[in-house]
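For reference, the chains in residue letters:
Protein chains: 2
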Amino acid sequence: MTQRTDDKQKPEILSQQIVAQSRLFKVEQLELRFSNGEERIYERMRGSNRGAVMIIACPDPEHLYLVREYCAGTHDYQLGFPKGLIDPGEDILTAANRELKEEIGFGARRFVQLKSLALAPGYFNATMHLVLAFDLYAEQQAGDEPEPLELVRWARQESAALLQQADFTEARSVAALLLAQHYLEANPDVFKQTAGASEDHRP
Amino acid sequence: MTQRTDDKQKPEILSQQIVAQSRLFKVEQLELRFSNGEERIYERMRGSNRGAVMIIACPDPEHLYLVREYCAGTHDYQLGFPKGLIDPGEDILTAANRELKEEIGFGARRFVQLKSLALAPGYFNATMHLVLAFDLYAEQQAGDEPEPLELVRWARQESAALLQQADFTEARSVAALLLAQHYLEANPDVFKQTAGASEDHRP
Chain A
1 MTQRTDDKQK
11 PEILSQQIVA
21 QSRLFKVEQL
31 ELRFSNGEER
41 IYERMRGSNR
51 GAVMIIACPD
61 PEHLYLVREY
71 CAGTHDYQLG
81 FPKGLIDPGE
91 DILTAANREL
101 KEEIGFGARR
111 FVQLKSLALA
121 PGYFNATMHL
131 VLAFDLYAEQ
141 QAGDEPEPLE
151 LVRWARQESA
161 ALLQQADFTE
171 ARSVAALLLA
181 QHYLEANPDV
191 FKQTAGASED
201 HRP
Chain B
1 MTQRTDDKQK
11 PEILSQQIVA
21 QSRLFKVEQL
31 ELRFSNGEER
41 IYERMRGSNR
51 GAVMIIACPD
61 PEHLYLVREY
71 CAGTHDYQLG
81 FPKGLIDPGE
91 DILTAANREL
101 KEEIGFGARR
111 FVQLKSLALA
121 PGYFNATMHL
131 VLAFDLYAEQ
141 QAGDEPEPLE
151 LVRWARQESA
161 ALLQQADFTE
171 ARSVAALLLA
181 QHYLEANPDV
191 FKQTAGASED
201 HRP
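First to last, the protein sequences are chains A and B. Quick note: the first sequence uses full-length UniProt numbering, first residue 1, plus one each step. Quick note: the second sequence uses full-length UniProt numbering, first residue 1, plus one each step.
Hints were generated in silico from the structure; no laboratory data involved. Hints may be right or wrong, so weigh each one.
A pair counts as met if it fits within one copy or between any two copies, since identical chains are not told apart.
Keeping only pairs whose Cα atoms sit at most 25 Å apart, straight-line, the calculated SDA-like set for lysine to any residue is [what the hints assert, rightly or not]:
#	residue 1	residue 2
1	K192	Y137
2	K192	G107
3	K26	L85
4	K26	R40
5	K26	N49
6	K26	H75
7	K10	L162
8	K101	A160
9	K26	R46
10	K101	R40
11	K192	I92
12	K10	N36
Nothing here was measured: the structure is a model prediction, and the numbers come from that model.
Make the full structure from the sequences, and use the hints.
Written as structure tokens, this is what we have:
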């Protein structure tokens, strides 16, 4: 019951081929043989493998910044933390600071990496790095958004109310909120620290 | 800064068409005009809209059940909560009980719905309903898994260690763990309740 993943023999990939492709998406079909001899056809999405960042920006100890943004998948506006793909050659924190400037008009002088999350690993190989941002300063950078995002300043003690918002449901934003709250409760002194000392608290 | 989503004017869909399709995936292209006049091309995945369930099964007040399962997207074994698509005509709790029987060999007599999560709403319209399961009983049901899933019994007080597992990273499982812990800490009497009284605690 406590066998480690490393002990498990992965299925053998008998064949793999791209079976559908659009501007953004590439679907790959895998023919697999499991270690017990069972054979199956699976499909997965091929991504850019560049990774993405999601930023929980803290303007002060009592608040978090969210954005409300149009989402084509659901064709409505959704509330969540600022996020975006890492550009080629960028490191995680550079990408986090750029996305913050593009999406909410703030940069940050100090970051803490919380955890890296996967999106439905059965179908994707997509990683999103959660980053807390402190010591904010006003700086707007032009992004590729078709319209300015709505900035929402949320009181941290109202996180139960945030979880009840009908438009705050993205799994990665929900996980980010709860992980950020755990971190901030366990590290109340993080707001007193000086800039320039970025920390890595990833498990 | 606290404008409600309802006030926001959605972009107008000027055209929509399927631009790529495989056995499992269907990619739709949208031509959009935002309320400020900006026009953009977006792509999104068309899903089954049947929804999915993820089940946090509690054999006793101190433990949770996880499964370790092959994930084609990452081509490795990942740890997470049992989950699966809702079959046509099934309600959420019937699907939850069926998936439990198929994936871990237990049914449950009592359920609590926690929250419904979205998967990357920018690209998908996929909803996963998180369900806590209590009063478990042994019952195996045949599923379509190519191999039996590895069952992992995890001590609730070791949730920080679970968050540090390199193979426990799916955003929906991370959110489920943290939401379940909040619920169970706030409702310690849930284990003393009698069967048959399913509750709906969705926000």
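> From the Cα coordinates, with 25 Å as the cut-off, is the pair K26 and L85 best called within, between, both, or neither?
Replying inline: Cα proximity of K26 and L85: in one copy and across copies (17 Å, 23 Å).
> Between the shortest in-copy and the shortest cross-copy C-alpha distance, which are at most 25 Å for K101 and R40: within, between, both, or neither?
Replying inline: between (46 Å within a copy, 22 Å between copies)
> For the identical chains here, do K192 and I92 meet the 25 Å Cα criterion within one copy, between copies, both, or neither?
Replying inline: Answer is within; shortest intra-copy Cα gap is 24 Å, inter-copy 46 Å.
> From the Cα coordinates, with 25 Å as the cut-off, is the pair K26 and R46 best called within, between, both, or neither?
Replying inline: both (5 Å within a copy, 14 Å between copies)
> Can you tell me if K10 and N36 fall within 25 Å by alpha carbon in one copy, between copies, both or neither?
Replying inline: within (11 Å within a copy, 51 Å between copies)
> Should K26 paired with H75 be assigned to within, between, both, or neither, using CA atoms and 25 Å as the limit?
Replying inline: both (22 Å within a copy, 16 Å between copies)
>> At most 25 Å between CA atoms: does that hold for K26 and N49 within a copy, between copies, both, or neither?
In response: For K26 and N49, both the intra-copy (12 Å) and inter-copy (21 Å) Cα distances are at most 25 Å.
> For the identical chains here, do K26 and R40 meet the 25 Å Cα criterion within one copy, between copies, both, or neither?
Replying inline: Result: close both inside a copy and across copies, 20 Å intra and 21 Å inter.
> Is it within, between, both or neither when you check K192 against G107 at 25 Å Cα-Cα?
Replying inline: The answer is within: 18 Å in one copy meets 25 Å, while 50 Å across copies does not.
> Between the shortest in-copy and the shortest cross-copy C-alpha distance, which are at most 25 Å for K101 and A160: within, between, both, or neither?
Replying inline: neither (28 Å within a copy, 32 Å between copies)
> Is it within, between, both, or neither for K10 and L162, if the alpha carbons may be no more than 25 Å apart?
Replying inline: Close across copies (22 Å), not inside one copy (40 Å); limit 25 Å.
>> As a check of your reading, is K192 near Y137 (CA-CA no more than 25 Å) within one copy, between copies, both or neither?
In response: For K192 and Y137, only the intra-copy Cα distance (16 Å) is at most 25 Å; the inter-copy one is 51 Å.
When each numbered hint is compared with the structure, a violation occurs for hint 8 only.
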